[in-house]
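Please build the complex by placing chain R on the supplied structure of chain E, with the hints as guidance.
There are 2 protein chains.
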Amino acid sequence: MNELGLILAISLLGLAFAGYLIKWVLARDTGTPAMREVSDAIKSGAEAFLRRQNRTIGTIAAGVACLIFIGYAFVRQHAEHDPTNTALELAGWTTLSFVFGAACSVAAGYVGMWVSIRANVRAAAGARTSVNEALRIALRGGAVSGLFVVAMSLLGVAGLFAIVYAVKGGLSGNAQATTEMASKIPLMIVGYGFGASLVALFAQVGGGIYTKAADVGADLVGKVEAGIPEDDPRNPAVIADLVGDNVGDCAGRGADLFESTAAENIGAMILAAALYKDNATSLGPNILGVMLFPLIARAFGIIASIVGVMVVKTDGKEDPMHALNRGYYATAILAAAGFGGASYWLLGKDYWQYFFACGLVGIATSLAFVFITQYYTEYRFQPVKDIANASVAGPATNIIQGVAVGLECVWMPSLVMGAAIIGSYELGKASGLADAGLFGTAVATMGMLGPAGYVLAMDTFGPITDNAGGIVEMTVGQDQPEVREKTDKLDSVGNTTKALTKGYAVGSAALAAFLLFSAYMKEVTEYSKATGYKLESVDISKPAVFVGGLLGAMLVFWFSALCIKAVGKAAQKVIEEVRRQFRELPRENQMIKFPEGYKPDYGTCVDIVTKDALRQMVAPGLLAVCVPIGAGLLLRLFKTAEDPLIGTEGVAALLMVGTIGGILMALFLNNAGGAWDNAKKYIESGALGGKYLTAGDGTKTKNPTHGAAVVGDTVGDPFKDTAGPSLHVLIKMLSTITLVLAPLFL
Amino acid sequence: MNELGLILAISLLGLAFAGYLIKWVLARDTGTPAMREVSDAIKSGAEAFLRRQNRTIGTIAAGVACLIFIGYAFVRQHAEHDPTNTALELAGWTTLSFVFGAACSVAAGYVGMWVSIRANVRAAAGARTSVNEALRIALRGGAVSGLFVVAMSLLGVAGLFAIVYAVKGGLSGNAQATTEMASKIPLMIVGYGFGASLVALFAQVGGGIYTKAADVGADLVGKVEAGIPEDDPRNPAVIADLVGDNVGDCAGRGADLFESTAAENIGAMILAAALYKDNATSLGPNILGVMLFPLIARAFGIIASIVGVMVVKTDGKEDPMHALNRGYYATAILAAAGFGGASYWLLGKDYWQYFFACGLVGIATSLAFVFITQYYTEYRFQPVKDIANASVAGPATNIIQGVAVGLECVWMPSLVMGAAIIGSYELGKASGLADAGLFGTAVATMGMLGPAGYVLAMDTFGPITDNAGGIVEMTVGQDQPEVREKTDKLDSVGNTTKALTKGYAVGSAALAAFLLFSAYMKEVTEYSKATGYKLESVDISKPAVFVGGLLGAMLVFWFSALCIKAVGKAAQKVIEEVRRQFRELPRENQMIKFPEGYKPDYGTCVDIVTKDALRQMVAPGLLAVCVPIGAGLLLRLFKTAEDPLIGTEGVAALLMVGTIGGILMALFLNNAGGAWDNAKKYIESGALGGKYLTAGDGTKTKNPTHGAAVVGDTVGDPFKDTAGPSLHVLIKMLSTITLVLAPLFL
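Chains as they are written, first to last, in our numbering: chain E, 20 to 765; chain R, 20 to 765.
Excised from the complex, chain E in its bound form (with noise of 0.2 Å):
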């Protein structure tokens, strides 16, 4: 019990310090009135739509909820091997734990946004000072953000654990009663982690949704065809734009990984619980250890983040970067002492090398996904400065040659993958231990998912930096050109860190999910003891099982496209607006000429954002929960005397060769936004003529090699905002509905 002590005493010092972090945030200045009301004008945005978000949120959860409820007491039969005494019980704790994860992802977003709105114009405020001043203001709020989802996840799951423990009388002190108890609380509350990763996919598809109708709507009209720059505040899109920025990048990226933290959590405790079983001579008398080990390791991964944060700061000539990767390596390499040490305590002197060593594994691979990343995005290397070349022949070879860089850059992080996941299994297998290579990769995703906390700090940076940006700009930014130079490094700095923190999230991704299908598998079999069967393989050569596979590849492109598609309808909407509102004014040498002091009607653009996002980001949302539920209960049918087992054979396909799918997708629609998007502000730094090309006689005209690389961003920003991170959560929700639906697949 020592140990869940520490654990909930961790998490909630990790709150704590977050609240810190809030009162830190909340005293800095607010600027000047100017850019109060702008930021009010977000702050009312962001509040509005996500009050709503979460309203249809709500709906879908508790309907979801019932039917978990009624399937788990009505529909499916006790059986023997349940890990409750009834049905009743078993739904019960089930749908608790449901109820319980969705409100908790949905405070994490809330929070995660809440901060953001309000560090936005104090580091816009900031950057009046200093840039240490803004950069400070800006990870601190982000990192309110990072500990609070974080802390949250763990002492949720925590939690979760410790009432199911006592409630079922673990503190009496019956030793074997306790373990074969203990074993069997995660598959009580792996509701927790559908409820969380179920709201998380809707929060990020449809913040997703938002953010890039809207980017695409006022990039569009305002850069294209007004030719005025980004963030300018005669764009009637502009707030719509800083809005979608909190809800999207903030909410959306909030409570993805508050889900992935949580679900992975109790997978690596099912896989613990497992290998403690197969091993209880070898681990001693204490199966809680062994099982806490994954949260022990969480939570000192809280503490080395906290140190992170505290120690970045800069003196204004240095690359911001560089303060912030200070701060990123000191929270990884604490975290990987931490990490050392838990596996000492937890799992013995025999053992805690070959574990310690597969931590360290998911670290490099984590750090490798970030270099590839950085090599297929970055305008310093060969890939992006091919696209803006291609874009010398107009859009088209822009595009050809993006989706071909997108496509590409798959190949580096597949090898990677492969060889963490054959690495660190082999290693499992060398500490010694029975079954212990499966657990081998679990340990290397916590050991990936360490520095988490930091890493959402740096990610929610972002979109902090990005919005004080564009209130500087729709602000001081004319009269004083200076503080706008200072955010403009700033923000520069947070386009690097998100997509640095995309390519972390999904190596985080991919090696998760091999631990939530092992995790499965494990599930599977606990349940159907009473059959004599084991899911020990999954065998796509049968026919139910490769279609299965089938399907789940199938999911990924369709979810995709429902993803994009949503970004371009509500985008025309946004569109048509704008010109409409632009249609009226007086033009010259086909450049909009604006009258003095001219004000758009931003609230048009908010609305119709916020109303087409809300209904676009049903249809992805459901298509995901209803294909994994329906190819379950259809598999099912073909269940034979000796293939008792095959309706959770065809899910576990579903489920490994969607995130195989969903993974190489995720690669390809994020990398190759992000490249189009720099291939874009390579020739905007003046590469390949710059932005406008200058004649003879001094005019200046738009410059065509420009306009076919904004097409090309354009077309990546769906791709790498909004598909993309929602298939992150995709595959990661689809583990979560597996785990808690498998019961009823068998």
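Careful, some of the hints might be misleading.
Any copy will do: because identical chains look the same in the list, a pair fits if it lies in one copy or spans two.
Derived DMTMM-like pairs (lysine to aspartate or glutamate); straight-line CA-CA distance at most 25 Å [stated by the list, open to error]:
1. Lys588 - Glu703
2. Lys700 - Glu397
3. Lys630 - Asp405
4. Lys548 - Asp507
Note that these hints are calculated values from the structure, not bench results.
This is chain R only, laid out in the frame that chain E set:
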């Protein structure tokens, strides 16, 4: 032996009939001297490319042949259950059949193109008389290719089988020994399929790059920048474009279907042998009957195709598509009847009806794929209209919508495929024969491929009419618009048939894949009998097997990237060349004013694409060969005593997940490309303002909506005509390469 004689006789009949059609086509009028001049330019360009391409392919194939021989003869140890007595003998047969397959595949591609570059000018000349004349010339020209391919592939497999059978003493009459020996022959001639698919892969990739680099280059500068129509003689890239239709669509597709039928014939024979051995008492004394059933079914399909081709004629009033459809229905009905007869004759009266039903499932699947393709790519339906509407907001939204349509379109084919696989498996099982489920899925594939000859004729009809249209446009088109109208009509039918046959090709690849990897598993089991292990499952939950699957999906993305990138690169060079030639011409109103009688230099463009296509086809081709080999040799290292087949199991996962990924990716690329193409055509037909906008004062300006649609069309070119069709070949090549090399991964 009667069966073998019949097969050989019918395939010779098919070849003789192809010869008759050649004579018939060559006897037609070759038109005006101007027509012949254009046709000669196409002919010399196409022949030069094919000659150089075959030289490159020949070199690569020779290298691979050496490696196969060395691997089998010296690296691998002879094992007890090998199909031959010595390692050297096995090496000899495998290498011989590889070389023979490669040579036949080259010949198939060459003959197809040889006729089509002669039929094009005759169809153009025929269009001066009547639509019927041109239609029949084009279809019969295409039928040469279709019949030649199917008959040659059948003759090759049956001939090789007969030779090995005779050499190994099959004529001696000892029933027991004959059964044992005959069942091993397919394992000795699998090289034939691999040789054929290696050539097909390079031919399709190289031809696909050629055709689209020329097309994209010609369109972007000609249509978009210079504003001249398609196939205008003033466009320096027009001849290269017309050559591309022949080398990409005729030669590439010919080699593709050649290898499909060859590989599937051999795969089906392996499964038939396994079925016979499991059911020797039920199926009677004659193993040859069962093993040759797939070939007999194919032979009846040839007769059906001949009849189908001969019944096509039209009166010039009806839509020529109806005439082609009549021929297709005739072929399909006859092939189905022949299939039923073959089942009754060879599988016996107790079982035939189940397998006949499987065949019908295959035919229904191909019809479903064709209808789905139509829905997603014709502008009568919503998806294409959506893309056209999205073009109003510019090229970016056009691309976003097109990508969304392409990604979405996979869902129906996936469900159809899933239903077909499970359906035919259950039908096979229902026959009551042991282990007959997999044979059921194989029979479905055979049913689907029955009308292959006719389908290929319809497919090759496309490039012939496309060329005929180009020749008319470049010669008599200006003076005799009614001739151009006729070829336009046929050209548009050709576009439809090309799109539909692409749907057919993916569908057949999908079903065939299941057949081929079942064959692979039977083969591995056969080879590893001595170990006592059977490759009965492909357990993707083992790390090494999962990684195999991951590598399969990775290969699909990477390969597509290389194909698309190659087109982009080569097209940029064409664009530069065309711009160079246009730079000196006078301009008016931003449009080029061509001098009277302007004749560009066609040769430079032909040269550029020839060189570039040959250079760029090497990387994707080698990638496709090296990934499965590398994976097999690498995963083999994780062999343990309990898991001696892990190398072959990992490769099986590579094959399966690669196939799933490849099919979905091909559907995405083909249908997105087709939909973009037709969205542009929809606008050109007058929708959304048409091609030009007429201002109040009568001046015509380019319609930006059409411009946006042209960008989409251009992006779609390498998708639908390079990467997509190359993926079909890749999928099948993966199966054949693993079939040949399986013994080396043990």
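Outcome of the hint check:
Taking CA atoms no more than 25 Å apart as the test, Lys588 paired with Glu703 passes between copies only; the shortest distance there is 23 Å, against 28 Å inside one copy. Taking the closest pair of Cα atoms, Lys700 and Glu397 come within 25 Å of each other only inside a single copy of the chain (10 Å); across copies the shortest separation is 37 Å, beyond that limit. When the C-alpha separation of Lys630 and Asp405 is checked against a cutoff of 25 Å, the pair qualifies only between copies, where the shortest distance is 21 Å, while the shortest distance within a copy is 39 Å. Within a single copy, Lys548 and Asp507 get their C-alpha atoms no closer than 60 Å, and across copies no closer than 68 Å, so neither meets the 25 Å cut-off.
Hint check: a violation occurs at hint 4 only; the rest are consistent with the structure.
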